[in-house]
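Numbering (our numbering), first residue to last: 3 to 535.
Keep in mind the hints are simulated off the structure, nothing from the lab. Being a predicted model, the structure only gives us computed values, none of them experimental. Glycine included, each C-beta is placed from N, C-alpha and C at the ideal position. Warning: the hint list may mix true and false statements.
[To be verified] In the DMTMM-like style, the derived pairs of lysine to aspartate or glutamate whose C-alpha atoms are separated by at most 20 Å in a straight line are:
#1 LYS217 / ASP200
#2 LYS42 / GLU431
#3 LYS443 / GLU408
#4 LYS463 / GLU431
#5 LYS42 / ASP71
#6 LYS449 / GLU429
#7 LYS463 / GLU429
#8 LYS449 / ASP439
#9 LYS393 / ASP359
#10 LYS333 / ASP290
#11 LYS42 / GLU13
#12 LYS449 / ASP432
#13 LYS443 / ASP295
#14 LYS463 / ASP432
#15 LYS345 / ASP310
#16 LYS393 / GLU367
[As the list claims (entries may be wrong)] Using C-beta positions, here's what the derived DEER-type ranges look like:
#17 ARG373 / GLU302: 40 to 50 Å
#18 MET445 / HIS361: 25 to 35 Å
#19 ALA73 / GLY292: 44 to 54 Å
#20 LEU496 / ARG373: 44 to 54 Å
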Amino acid sequence: MPLQAGQVLSERGMAPHQVEDVTLGQLLPSHMIGLREHAKLEAMCRDILAQTATLFRAIRWCLGAQAWDFATCVFPGLRRCHELANWLRHLSPAAAELCLPLIAGCYEHHDLLLGQLLSQLDEGTHVMVVSATGNASTTSSEDGESNALSLSGSVPRNNGLAVIFGPGVSHRLEITPRSLLDVAPTILSLLGVPYGEDMSGRPLEDLFEGGLGSKAIATWDSHLVDEKARMNPELAALEDTENDRANDQEYEYLVELGYTDPIDVAASEAAIQCQRNITLNRAISLMDAGLIDQATSVLEELTCQNPDWYHSHSLLAESYLRGRQRFAARKEVDWLTCHGFEKPQLYLLSAAIEIADRHFDRALEALCCARRGKAMPLGLSLLAGTIHLRKCDLPAAARSFQQSLEHDGASAAALDGLAAVKLHLGEYEDAAIYALDALEKDMRFSKAHYHLAVALYFLNKPEGALQALNSWAALEPRAAAPYRWMARVYRMLLANTSQAEVCLDQGNAVIRYRHHLRELARVEDTSIPTSAP
3 MPLQAGQVLS ERGMAPHQVE DVTLGQLLPS HMIGLREHAK LEAMCRDILA
53 QTATLFRAIR WCLGAQAWDF ATCVFPGLRR CHELANWLRH LSPAAAELCL
103 PLIAGCYEHH DLLLGQLLSQ LDEGTHVMVV SATGNASTTS SEDGESNALS
153 LSGSVPRNNG LAVIFGPGVS HRLEITPRSL LDVAPTILSL LGVPYGEDMS
203 GRPLEDLFEG GLGSKAIATW DSHLVDEKAR MNPELAALED TENDRANDQE
253 YEYLVELGYT DPIDVAASEA AIQCQRNITL NRAISLMDAG LIDQATSVLE
303 ELTCQNPDWY HSHSLLAESY LRGRQRFAAR KEVDWLTCHG FEKPQLYLLS
353 AAIEIADRHF DRALEALCCA RRGKAMPLGL SLLAGTIHLR KCDLPAAARS
403 FQQSLEHDGA SAAALDGLAA VKLHLGEYED AAIYALDALE KDMRFSKAHY
453 HLAVALYFLN KPEGALQALN SWAALEPRAA APYRWMARVY RMLLANTSQA
503 EVCLDQGNAV IRYRHHLREL ARVEDTSIPT SAP
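The whole structure should be built from the sequences, with the hints applied where relevant.
Quick look at the structure:
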């Protein structure tokens, strides 16, 4: 490695927030912005792309710095995208739709980078591209003189896909499945190094014109070779059989004493873990669908069956909070804290509960605890901005919302937070722009319609304000505030008092309907006694 490599490579690192939106769009299409986990997905995709870019810059510089006998680089982004897709597949039906474009975009992105690396190599270089997933996308050289041969395997553990091209690679051979374990012996043979006969693979001689002329030795682990076994294989095999028989007898004796078979225990634990993960994913799907009561019921049963499982308690606390059961949510958070699960996400949840209770200083203390980790958790800056906005600390709120955009990516909530800040400052044009940006991310974000309507009202644009208010009313049918703002627009900007009265009547009807629903819920609640004891 060149002496200047350390300094040069450190300067070529890329941070997740430096990934351009165009590049991010290769993995995360813009139409998936409505997903509940979009902010988390965007952060993970940015991290994958940043890591890939850093590795690409490093290997590209290394290839150009000096001539190498052998050079290799591992890009874990493909594996990470497959793992992310597998997680999405079990998250929700909507999230599962992202799996195919995520994987396809990841391979296209790596394919472009591979093409740039190949442009640095001369015709006398052998290149081998290997993917353990079996779906690698490859690029050959533009001059067409290099021969290529694809190898596809059928065994997921040992096989995948490889592309080999360079001098002497045959293109007349019929393609047959080969093992990825053959890659290492082939590389050794290309370098003129003998491979070990105890290696599981063998050089791919028939892929090269005239073969490789490979040589073999017994093993590269010569210090581990049993000299007696080498001199007398039959005796070594007999001793191995005797040892296996003795081990079996010891195992049977332990079982008789009451010890449980560890294989059976592992299988049972795996089945239990699988079942509770399925139940947990079902609860997440119910929460994504807005069925909070059903999700809470599933999580309560799951928590009762697995009282010491952190994930069910954590998700149950979130479900309670979304169902406006703050006391129950706080109880779950306290349980998690008392059992030592002091993770950043737990403090974020605690901060959200304190915000709902209007304890803003306590919420800020919880966020300070969440910052103690090495990395800032997703959503922290957004929560901080919400707290500062509630406290009317507008400069701090603006900074927090801006940090959320830089760290977590452009989200409707952060953009709408900036719109609210601009409204408080009387900068109505900027407020309208931020609100429109938020609605571009999520048209169902009702607060953004509200802030847009208010900004347009003060900009003396009644038609646009009424349109935004109608959208707000459609998204929140039990809210009376949209109709009161409509009445204000008709009265103050359009001088239409009769229509203003109609809007006020609509708002009052919504309030009466809410009261009616509360009465029905109180009557149907059997826990409330009908008369004094």
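Structure-based check of each hint:
no.: 1; hint: LYS217 / ASP200; in the structure: 13 Å, holds
no.: 2; hint: LYS42 / GLU431; in the structure: 30 Å, violated
no.: 3; hint: LYS443 / GLU408; in the structure: 16 Å, holds
no.: 4; hint: LYS463 / GLU431; in the structure: 11 Å, holds
no.: 5; hint: LYS42 / ASP71; in the structure: 42 Å, violated
no.: 6; hint: LYS449 / GLU429; in the structure: 18 Å, holds
no.: 7; hint: LYS463 / GLU429; in the structure: 15 Å, holds
no.: 8; hint: LYS449 / ASP439; in the structure: 13 Å, holds
no.: 9; hint: LYS393 / ASP359; in the structure: 13 Å, holds
no.: 10; hint: LYS333 / ASP290; in the structure: 23 Å, violated
no.: 11; hint: LYS42 / GLU13; in the structure: 27 Å, violated
no.: 12; hint: LYS449 / ASP432; in the structure: 16 Å, holds
no.: 13; hint: LYS443 / ASP295; in the structure: 28 Å, violated
no.: 14; hint: LYS463 / ASP432; in the structure: 15 Å, holds
no.: 15; hint: LYS345 / ASP310; in the structure: 16 Å, holds
no.: 16; hint: LYS393 / GLU367; in the structure: 14 Å, holds
no.: 17; hint: ARG373 / GLU302: 40 to 50 Å; in the structure: 32 Å, violated
no.: 18; hint: MET445 / HIS361: 25 to 35 Å; in the structure: 33 Å, holds
no.: 19; hint: ALA73 / GLY292: 44 to 54 Å; in the structure: 52 Å, holds
no.: 20; hint: LEU496 / ARG373: 44 to 54 Å; in the structure: 49 Å, holds
Of the numbered hints given earlier, the model fails hints 2, 5, 10, 11, 13 and 17; all others are met.
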